[in-house]
Amino acid sequence: MAITVEKPGPGGLNEAVEALREWQSEGAAWQIHPGDLGWFWRSGAEATAAAVRIWRRDGRILAVGLLDGADLLRVTTAPDVRRDEELARRMAEDVIEPERGVLPPGEAAVEAPMDALLQELLPRHGWHAGEPWTPLSLDLAEPVKAPDLRIETIGPDNCHVWADVMRGAFDGSTFTPDKWRTMATGAPYADSRYLVGYDERGDAVAAVAVWSAGVGKPGILEPMGVHRDHRGHGHGRAITLAAAAALRELGSSSAGVNTPSSNVAAVATYESGGFRRLPEVRDLARDA
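In terms of full-length UniProt numbering, the sequence shown opens at residue 1 and continues consecutively.
Please note that a few of the clues may not be correct.
Label pairs and their computed distance ranges (CB to CB) [claimed, not checked]:
1) F170 <-> G12: 24 to 32 Å
2) R60 <-> D148: 46 to 54 Å
3) A47 <-> M114: 27 to 35 Å
4) R100 <-> R60: 34 to 42 Å
5) G130 <-> P98: 35 to 43 Å
6) S173 <-> G106: 37 to 45 Å
7) E26 <-> D199: 18 to 26 Å
8) G9 <-> H128: 28 to 36 Å
9) E99 <-> G251: 14 to 22 Å
10) A29 <-> D148: 29 to 37 Å
11) A146 <-> E280: 41 to 49 Å
Cross-link-like lysine to any residue pairs, in silico, SDA-like; alpha carbons within 20 Å at most [what the hints assert, rightly or not]:
12) K7 <-> R83
13) K145 <-> E271
14) K145 <-> G59
Quick caveat, the hints were computed from the structure, so don't treat them as lab data. Just so we're clear, the structure is a prediction, and the values are computed from it rather than from any experiment. For every residue, glycine included, the Cβ atom is placed at its ideal position computed from N, Cα and C.
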């Protein structure tokens with residue numbers, strides 16, 4: 001049977017989340033984690049479904065993509081089909097040809113596992129290496145050092161605190177308590193935790209979300225931020241340690257994060273918390 005690509009619809013998102021959970025494993029390149037869909041869910045189930053693409057063969061999900069913005073497709077595959085030629089060719093056609101409805105014409109980018117055959121096919125059609133990213137990982141086999149902040153776990157009653165810190169951490173952020181509550185309706189929410197760090201004066205200074213993919217599987221941090229009024233005091237390292245500890249409590253085997261290589265300060269923050277820098281990865285870009 002031929003490979004098909006589809007939008008799942010709000011009711012089909014859980015199937016994509018379950019596939020992504022199943023595919024997470026130590027040592028395997030990750031491009032999309034269930035937590036990535038969970039964080040996107042702040043825009044609602046319909047918007048998340050509209051941004052997801054699923055490739056199938058004989059009913060089985062082979063690949064899941066997320067349009068993280070109008071012109072960026074983040075995509076991953078089941079580990080055993082990374083080099084599947086039929087799948088790679090179908091995915092390449094879908095992202096190259098705008099009429100397929102996966103990517104618009106003009107400038108665009110694709111993030112895919114570095115060992116996927118898709119990485120070799122797109123350059124044959126004029127795509128080139130794009131922005132470099134640095135993945136980092138912390139093994140959670142041993143307990144994590146306690147952070148130098150008071151940490152509070154956030155729920156519906158105090159989600160406004162988490163939202164306030166996020167708006168203060170990211171320029172242009174429009175995150176609100178309502179978006180937090182919308183995010184909490186998504187399937188990945190059950191495997192997540194939201195933390196806020198308070199300094200000695202009782203000010204909320206840093207916040208992070210962590211997402212587990214299940215016991216014994218890698219978890220991720222997405223997003224993590226320090227309020228712009230409280231930077232330069234080591235709060236980024238402290239909230240990162242708290243995030244890693246929360247993932248360990250959820251049973252995650254490791255804590256992972258991906259950050260632009262150009263963000264030298266962020267890379268240094270994670271390394272100061274014990275995260276190990278992994279080989280740099282790049283997306284594939286198409287010019288207008």
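The hint says 29 to 37 Å between A29 and D148; measuring C-beta to C-beta, is that right?
Holds, at about 33 Å.
Against the range 46 to 54 Å, how does the distance between the Cβ atoms of R60 and D148 compare: consistent or not? Hint holds: Cβ distance 47 Å, inside 46 to 54 Å.
*Hint consistency between K7 and R83 [alpha-carbon to alpha-carbon, up to 20 Å]*: Answer violated: K7 to R83 is near 23 Å, above 20 Å.
Check your understanding: Regarding A47 and M114, is the given constraint of 27 to 35 Å on their beta-carbon distance met?
Key -> Since the Cβ atoms of A47 and M114 sit about 29 Å apart, the hinted range of 27 to 35 Å holds.
- 20 Å Cα cutoff - pair K145, G59: violated (45 Å)
| Should the hint that A146 and E280 are 41 to 49 Å apart at their CB atoms be regarded as holding? | Hint violated: Cβ distance 31 Å, outside 41 to 49 Å.
Q. Is it true that the CA of K145 sits at most 20 Å from the CA of E271?
A. Given that 20 Å is the threshold and the Cα spacing comes to 14 Å, the pair holds.
Given a hint of 35 to 43 Å, does the C-beta separation of G130 and P98 actually sit inside it? violated (19 Å)
Within 18 to 26 Å: is that where the Cβ-Cβ distance between E26 and D199 falls?
Given a distance of about 35 Å, which is not inside 18 to 26 Å, the answer is violated.
inquiry  = Please check whether F170 and G12 have a Cβ separation lying inside 24 to 32 Å.
reply    = At 30 Å between Cβs, range holds.
### Range hint 37 to 45 Å (beta carbons of S173 and G106) holds or violated
With Cβ atoms ~27 Å apart, the hint is violated.
Self-check item: E99 paired with G251, Cβ distance criterion 14 to 22 Å
Solution: violated (44 Å)
Of the numbered hints listed earlier, those contradicted by the structure are 4, 5, 6, 7, 9, 11, 12 and 14.
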